[in-house]
Every structure is written in C-alpha cells, then in structure tokens.
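Colleague: Line by line, the protein sequences are chains H and A.
The opening position of the first sequence corresponds to residue 1 in this note's numbering, with each subsequent residue numbered one higher.
The opening position of the second sequence corresponds to residue 1 in this note's numbering, with each subsequent residue numbered one higher.
Honestly, the hints are just simulated from the structure, not real lab data.
Check the hints yourself; a few may be wrong.
It does not matter which identical chain is meant; a pair holds if it fits inside one copy or across any two.
30 Å max Cα-Cα, derived DSS-like pairs, lysine-lysine [said to hold, decoys possible]: (1) K21 x K149; (2) K149 x K41; (3) K21 x K135; (4) K42 x K63; (5) K135 x K41; (6) K149 x K121; (7) K121 x K71.
Number of protein chains: 2
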Amino acid sequence: MIMTAPQTNGYTFNHTMLRVKDPKQSLAFYQDVLGMTFLHKKSYPDAEFDLYFLAKLSDDELKNLPSDEQKRAEYTFSQRGVLELTHNYGTENQADFAYHNGNSEPRGFGHICFAVPDLAKAVAWFDQNNVVFQKRPEDGSMKNIAFIKDPDGYWIEIVQANTMN
Amino acid sequence: MIMTAPQTNGYTFNHTMLRVKDPKQSLAFYQDVLGMTFLHKKSYPDAEFDLYFLAKLSDDELKNLPSDEQKRAEYTFSQRGVLELTHNYGTENQADFAYHNGNSEPRGFGHICFAVPDLAKAVAWFDQNNVVFQKRPEDGSMKNIAFIKDPDGYWIEIVQANTMN
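Next comes chain H alone, as it looks inside the complex (with noise of 0.2 Å):
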C-alpha cells in the first residue's frame, strides 16, 4: 500500500475556482449541459462579488442533499468536485470585458475535465445544446477526447474513462 502522511489524514481535494463574466450563462451552462446542481452561494455586497458552488451528484446524492443552509454549507466544503464560480458585479455589463482561460500566454491553468459514460452521446448533447467545441473528437490523434468550451472560453475536457490509458 502507498503511504501517505498521517498528517494528511482526512484531507481533500474540495474545489477549483474560476472567475466567470455572467453568472446567469455560466449558470445555465454548468447546470443544464453539464448537469451540476447549485449547492451553495456566498455574497459579498460590500467587496462587490458573489461566489457560486456547484457539483456533479449522483441521483443517491441528489436524494440526500442537506437542506438546513449550515449543513448544506458544510458539505459543500466536504465534497471532492465542486467547482466555485466567481462573480465580480458588472463584469456581466461590459461588452469587451473577458477572462484569461490560461491556454495562450501568460499560460498557466488549463482545464477542467468531465468524464462521461459515452463520449458520442455526450457530443451529440452537447450539440444539441450548441455548445461550441474547441476541439471535437475526430480533430487532431487523439480521437478519444474532446474539448468543449465554457462561456467565458475555459476549456473543458470531455473523456469516455474505459477508452483511456
């Protein structure tokens, strides 16, 4: 067994967190394409940001969601996946305001990857959802992956588990 340290015990890998434009768009993209379920969101009127946190859940999970909002705050904060959009008021309202998605430079993050159960249906979805792809699967060599795009350009990997190595 690969040992880790005991005081690394009950750590977790919890969020990544990626400042968004519009929050409704990015909303309704993670939410309806991807199919992730508001869990928790914290505002900050005074700093003038808002914070939204979202994961993928089982329908088991779904069932068992704690309602009480402490509760429900403190799973949030238990759960690996989640994924913490960032609003900073007004960004939404400017024309040419964009994010940086980390793949031209100065690089850095690169992505953020759904794995699914198929990855023809899932295109076929996501194209039925106009969802724009910045790479499709028969682009490139690597025909068992594709990358779509959120609404502020990050890229999303798409992979099928049992056709990788």
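With chain H held as given, fit chain A onto it using these hints.
Modeller: Here is chain A on its own, set in the frame of chain H:
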C-alpha cells in the same frame, strides 16, 4: 429533489489541469505535503510533455487501488477530485521561467482548495514543511480560511468544512 437532465447521468467532474515548471518539486509537494497519491502518468516524448495524475484518497481507496495499468487509467478518469499536472520539457532548467497563477492580470482561474479536518493542525503541518502562505488564517477578516502556494505559485485555499457557512 433537484432535477438534472438525464442525458448527464454519470457525468463526473474528474480533474483540473495545471501546468508546472518542475514536476519533481510539484510531485513532492502534492504527495508529501498534501498527501496525494500519484495515480497515472502519460508521456508524449515527441511533443515533449508529460502528464501526471494525482488524487487525495482515503486509506480504503488506497487499499483497493487497481495495480493493472489499464484498470488504473480507467480508475483515474472515473474519480472526482483528480489533479493533472502538465510538464513541458525543459521549463525546469530555465531560471526565469514561471507560470501565471491567474490572480494578477490577465485573471481567470483563481485557485484550488483542500478541505482539512483541523485548520490549525494543517497550518502547523505546512509550517513544518516550510510551505509559503499567501494568507495565514489570522491575516485579513476571514479567519477560518488560509491560502498556501504550491511550487509554481498557484494558490491553494485551505478550509475546515465545519467552520464554513
């Protein structure tokens, strides 16, 4: 119960990808300090980059980790909370090379976050490992969160779930 589109059943928010300058330093940090387990590597020597996949797993998960390479790949791409590190060959030898952490202009990606069972104990552990803090719990108004930096300067938020609201 909150409804999600049946077309998204089985979708999984699998991983977040960050480019790293020196994989030796990054792997040491994420494995030794944050207790993540190296799951899988993909090498593209012709294109001069490697991909490293890590996750923070429980003891039970570690015991049941598939050892077969193909099964391990499928496992890697089926989990939530995986971190993918991309190493473009040679960056580790360029003294002035640095990736952009997204928190100065141009902004976009902000941070990843680990939840820990006890924030004070985690801070002591990070100090013991000479981790650089972006924000210690006592800095600023939010005393229940900290931000540390990984070897590339990416921000990692540290929270204790039962103190979050």
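Colleague: Evaluate each hint against the coordinates.
Modeller: Evaluation of the provided hints:
Proximity of K21 to K149 under the C-alpha cut-off of 30 Å is found in both arrangements, the shortest distances being 14 Å within a copy and 25 Å between copies. Taking CA atoms no more than 30 Å apart as the test, K149 paired with K41 passes in both settings, with 23 Å inside one copy and 25 Å between copies. Taking the closest pair of Cα atoms, K21 and K135 come within 30 Å of each other both inside a single copy (23 Å) and across two copies (25 Å). Taking the shortest alpha-carbon separations for K42 and K63, only the intra-copy value of 23 Å comes in at or below 30 Å, while the best inter-copy value is 37 Å.
Taking the shortest Cα distances, K135 and K41 sit within 30 Å of each other only across copies (22 Å), while inside one copy they are farther apart (32 Å). Taking the shortest alpha-carbon separations for K149 and K121, only the intra-copy value of 17 Å comes in at or below 30 Å, while the best inter-copy value is 39 Å. Taking the closest pair of Cα atoms, K121 and K71 come within 30 Å of each other only across two copies (23 Å); inside a single copy the shortest separation is 36 Å, beyond that limit.
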